[in-house]
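Going down the list, the sequences are from chains A, B and C.
Take the first sequence: its letter number 19 is residue 19 in the UniProt record's numbering, and every next letter is one higher.
Take the second sequence: its letter number 71 is residue 71 in the UniProt record's numbering, and every next letter is one higher.
Take the third sequence: its letter number 117 is residue 117 in the UniProt record's numbering, and every next letter is one higher.
Source of the hints: derived by calculation from the structure; they are not laboratory data.
Among these hints, one or two may not hold up.
[What the hints assert, rightly or not] Dumping the calculated DSBU-like pairs for lysine-lysine here, alpha-carbon to alpha-carbon at most 35 Å:
no., chain 1, residue 1, chain 2, residue 2
1, A, K87, C, K141
2, C, K105, A, K7
3, A, K15, C, K157
4, A, K15, B, K72
5, A, K64, B, K54
6, C, K141, C, K157
7, B, K7, A, K7
8, A, K6, B, K54
9, A, K15, C, K67
10, A, K71, A, K15
11, A, K120, A, K6
12, B, K7, B, K54
13, C, K105, A, K6
14, B, K54, B, K72
[Said to hold, decoys possible] Pair ranges (Cβ atoms, derived):
no., chain 1, residue 1, chain 2, residue 2, range
15, C, I167, B, G35, 55 to 63 Å
16, A, T72, C, I167, 22 to 30 Å
17, C, P133, A, S78, 32 to 40 Å
18, C, P133, A, S17, 48 to 56 Å
19, B, K7, C, A172, 37 to 45 Å
20, A, L47, B, G35, 37 to 45 Å
21, B, T14, A, L47, 23 to 31 Å
22, B, E6, A, F45, 55 to 63 Å
23, B, E6, C, E171, 37 to 45 Å
24, A, F45, B, G35, 38 to 46 Å
25, B, T60, C, Y144, 46 to 54 Å
26, A, G18, B, E11, 21 to 29 Å
27, A, D3, C, Y144, 14 to 22 Å
[What the hints assert, rightly or not] Output of the computed footprint for chain C on chain A, the stretches with three or more beta carbons under 8 Å from beta carbons of chain C:
no., segment
28, 53-65
29, 114-121
Think of the CB as a built atom: it goes at the ideal place given N, C-alpha and C, for glycine as much as any other residue.
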Amino acid sequence: MSDDIKKYFNGLLQKVSGLYVIQITDRDGVPLLRVSHSQEKNVDFALMPSFIPTFTTACDQASKLGLGRNKTIISMYSNYQVVQMNKLPLILTFVGAEDCNTGHILALEHQVDGYLEDIKLAVTEP
Amino acid sequence: MEQQLEKVLSEIVTQQDTVGALLANRQGLCLGAKGNINPNVSGIGTAISEQVAKLEPNSTVPATVCLYSGNKRCLIQKDGEITGIIYKQTTTASTSIGN
Amino acid sequence: MDYVRSILECLASICSCWHCTDDLGNQGIEPSERTHLLADSVNQSPALRRSNSADLSNDCSQSLPKKDDQNALSRLVQNTAINMINVGALDSHTLEHQEYTNRIKTYSQRLQQQWNNIQHPGVEQTGLLKDVPNHHTYLSKVIYPDDTAQMRIFIEKSHAAVLGIQIDHREAVVVPFQIP
């Protein structure tokens with residue numbers, strides 16, 4: 001079952017040093033899959049009810065700037081960095097340390113695309 | 001703005017056997033790329049150089065990584081804030097026999 | 001009516017202009033922020049009624065006689081609302097707790113079913129150098145002194161070049177929007 005996919009995402013999490021959480025949610029923030037370093041910092045804020053919907057709306061508005069569809073938003077904070085990818089109907093969120101390798105996170109995108117296609121089926125109407 | 005960087009990259013890719021060059025910052029984001037090189041490798045290149053740097057944590061000289069694949073090779077070096085990646089292609093007779 | 005028609009034509013020209021440069025309309029198969037996720041019956045939360053625009057057009061179409069003109073007009077209003085950058089829409093679209101838990105349940109059930117049916121790609125490591133036929137040649141590769149020298153010079157020059165990067169601004173930093 002989904003143990004395999006969980007293992008795969010855990011593997012990705014290990015590959016990037018300083019990455020705390022990878023989570024896949026629908027656009028309203030309902031979690032489908034979440035892998036995290038259990039002993040790492042508390043990064044539950046990424047599942048706060050308003051966190052993902054705010055990204056969805058920001059993404060929607062940012063797509064209207066005449067630059068095409070918004071794909072990724074990178075937010076740098078004093079203690080964290082958050083990389084969110086628009087994979088509608090899914091949202092892919094990475095939370096890492098502020099000095100984590102952003103380029104490496106972005107490079108994971110094409111690796112997970114195949115898996116996301118399968119997970120998308122669970123969210124869309126049959 | 002970044003003309004000087006563009007100039008450095010252009011100079012490097014015109015050197016012998018060199019097919020592409022890229023410069024990444026501390027976060028693995030591409031600062032500039034010239035030649036036949038995908039800007040998306042900046043993150044992985046930086047990650048590799050960071051791992052290699054852990055082998056000799058006390059070394060003052062930055063390590064250079066050399067990856068061989070077919071008739072191409074990839075050089076990576078991280079020095080301080082920046083990481084450079086160079087793609088080179090061997091055009092000597094010995095390797096072209098294999099192709 | 002003529003007045004309405006002239007407005008209509010004007011709006012139509014604006015919208016068609018937008019549409020040629022932009023693919024924001026959600027008529028395509030591309031999923032967008034407004035396409036429905038699961039079947040409609042699942043979306044019970046009142047907070048989840050997606051942005052004003054869709055509701056607006058529904059209200060219009062219900063309250064007015066269904067003429068072609070009216071339909072076109074309401075479509076234009078809808079498209080305009082969709083294309084407008086609306087920071088006010090950034091209010092919370094939070095789900096009700098009940099629906100949140102329901103959806104978690106639904107998704108996990110569906111994933112369970114799916115992973116039994118789908119042949120997912122292998123996740124096991126293929127191993128070092130397994131894809132290379134004669135790895136001995138690679139293990140005996142030499143490091144060219146030229147390579148290291150080239151890299152040293154590249155990094156040296158790059159350090160200087162990166163320090164030289166600076167913003168080179170030519171226009172006013174604050175630009176007023178042309179809002180009448």
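Requested in this report: Check the following: the C-beta atoms of F45 of chain A and G35 of chain B are separated by a distance inside 38 to 46 Å.
Outcome: holds, 42 Å
**Report entry** Satisfaction of the hinted span 23 to 31 Å by the C-beta atoms belonging to T14 of chain B and L47 of chain A
**Finding:** violated, 51 Å
Requested in this report: For T72 of chain A and I167 of chain C, compare the CB-CB distance with the range 22 to 30 Å and indicate the outcome.
Outcome: Roughly 23 Å apart at Cβ, these two residues keep to the hinted range, so it holds.
Report task. Note whether the CB distance of K7 of chain B and A172 of chain C lies within 37 to 45 Å or breaks it. Result -> violated, 29 Å
Query raised in the report: Taking 35 Å as the top limit, are the C-alpha atoms of K120 of chain A and K6 of chain A close enough?
Result: Distance ~16 Å between K120 of chain A and K6 of chain A Cα, so the pair holds.
Report task. Mind checking the alpha carbons of K15 of chain A and K157 of chain C for me, to see if they're no more than 35 Å apart? Result -> holds, 31 Å
Query raised in the report: Given the hinted pair K15 of chain A and K67 of chain C, is their alpha-carbon gap at most 35 Å?
Result: violated, 60 Å
**Report entry** E11 of chain B and G18 of chain A - C-beta distance against the hinted 21 to 29 Å
**Finding:** Since G18 of chain A and E11 of chain B have Cβ atoms about 34 Å apart, the given range 21 to 29 Å is violated.
Query raised in the report: CB of T60 of chain B to CB of Y144 of chain C, is that within 46 to 54 Å?
Result: violated, 23 Å
Query raised in the report: Falls inside 55 to 63 Å, the C-beta gap from E6 of chain B to F45 of chain A?
Result: With Cβ atoms ~40 Å apart, the hint is violated.
Report task. Go ahead and decide if the range 55 to 63 Å is satisfied by the Cβ distance of I167 of chain C to G35 of chain B. Result -> Violated: the Cβ-Cβ distance is about 27 Å, outside 55 to 63 Å.
Query raised in the report: CA of K105 of chain C to CA of K7 of chain A, is that 35 Å or under?
Result: Distance ~21 Å between K105 of chain C and K7 of chain A Cα, so the pair holds.
Taken one by one, the earlier hints fail for this structure at numbers 1, 5, 7, 9, 15, 17, 18, 19, 21, 22, 23, 25, 26 and 27, listed in ascending order.
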